[in-house]
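Chemist: Sequence:
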Amino acid sequence: MSDDYGYGYEDESPYGTEYGADASDGDDGAGASRDGGRGPERTFAALPPAHGRGFATSWWGRAWLQALEDTALDGQQLKQGRQLARKGGVGAVSVRPGRITAVVRDHDGTAYRSDVLLQQLGAGAWDRFLDMAVDRAGHIAALLDREMPPHLVEDAAGAGVELLPGIGDLEPECTCGAWDHCPHSGALCYQVARLLDEDPFVLLLMRGREERRLLDELQVRSAARAVRLGDGGEGGAAADAEREVRGVPAGEAFAAAGILPPLPAPPSAPDAPGLGPSLDTETPPAPGIDPAALEVLAADSAVRAHRMLLDALAPAHEEQPLPVELTPQQDAVRLAADARPDARIGARLAAGSGRPPADLDAAVRAWRYGGVAALAVLDEEWAPDPEDLGRARARLGEAWEAGERPALRSSGRARWTVAGADLQLRLDRDGRWWPYRKERGRWVPAGPADDDPAGALAGAEDGAADGMGVAV
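The sequence shown begins at 1180 in this note's numbering and counts up by one.
Watch out, some of these pointers could steer you wrong.
To be verified - Label-pair ranges, simulated between beta-carbon atoms:
id	residue 1	residue 2	range
1	Leu1489	Glu1583	23 to 29 Å
2	Glu1333	Arg1588	47 to 53 Å
3	Ile1346	Glu1583	28 to 34 Å
4	Arg1584	Glu1618	46 to 52 Å
5	Arg1519	Lys1617	20 to 26 Å
6	Leu1568	Gly1288	34 to 40 Å
7	Asp1469	Val1551	25 to 31 Å
Keep in mind that the hints were calculated from the coordinates and are not lab data.
Built from N, CA and C at the ideal position, the CB exists for glycine as well.
All chains, full assembly: derive it from the sequences and hints.
Modeler: What follows is the structure, encoded as structure tokens:
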């Protein structure tokens, strides 16, 4: 492979260095280079296997995967790539302008170097993007929060700058010799979607600007804009008059504070909830008060507060739907799952959940794997209509490689049992698959949901349900 694609790693500067000259600095974007060339590079350690989770939760991460799936000509190749990524076959990922690179190990352990090229933005396109961002300070605040709101992408497109890739924009290269997207380039793209979820600056680096340079340029333009507004003149006077009446927009003030003097990092959330108070005192409780039950409720309050804090700090928190309001029976299961009460309190919670004590353990496992949705799968037996059943059978037929599919027996009620094994797949009403295992003659949840039935069954085979119960 020629050096035009930037394969000379030994001669390049380590990631974090300044840009060198590249083809993108002299044009307006139409002929911008896909070549990684020299420049800053970020390297991300290999991510753990992604059993039981999707590869993208942010809308921009899903847009990245949509571009991949629209570009690839062979969906079967992408399916194999998804399986490689899910099983942890992608090594450390290198990201630099115009190129992402990783070593991907095939099912038989053979290693391939895979690259995906993405066209860089030209100097003119970056100028338009920076001018747009400075004029709309809320965009800067969003980027600093590691978010890419839709209106930022829409405003950039209005300025003639396409940030997200589209069909045909992700160009693969792989040492396996494939000319289209192969399992290895597909696996690399699925893994990069997880990186984009955490940090949209990864996409901006691929497009040609690393974070520090981008923020420095925004700072310079913001300062110049402030000078222009302060020079007087008709435009400045109008802006000053508007500020006098309305004040400074909160987004603009926040963004300026973020790029001029960097804000200190927020304190990290505690690793675990705080300990509840002990009510084991010499003073006898008032009539009708159960100190042990109060301790459980206090501990539960700490757990819920800790979870709410983590949810509030998670990326795209404001885009998440509101929590589902629980019934008293569901809340009793949740409390048993979170508080891990002793046998006496567990028996009271079992009664509150409307279940025999022996069934509370399975409900707790279900809750820990998927909350209300998992409880519905445990409790409900539903018969799919012919159309849903046909889709489910087709999904089962394509989930495994030839010769690897286990023998499955259908109950006709959205449940398929593995012949010769105490394993079962259950389909929920949203088309997700849940693994179950038979223990002591009872079917119990064995893992979280997966869009892929093979992935769900693999999670059950890992023995993920061990140690999930509650004392009753």
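Chemist: Are the hints correct? Go through all of them and say.
Modeler: Tested hints:
no., hint, verdict
1, Leu1489 <-> Glu1583: 23 to 29 Å, "violated (38 Å)"
2, Glu1333 <-> Arg1588: 47 to 53 Å, "holds (50 Å)"
3, Ile1346 <-> Glu1583: 28 to 34 Å, "holds (32 Å)"
4, Arg1584 <-> Glu1618: 46 to 52 Å, "violated (24 Å)"
5, Arg1519 <-> Lys1617: 20 to 26 Å, "holds (24 Å)"
6, Leu1568 <-> Gly1288: 34 to 40 Å, "holds (38 Å)"
7, Asp1469 <-> Val1551: 25 to 31 Å, "holds (28 Å)"
Hints 1 and 4, counting from the list given before, are not met by this structure.
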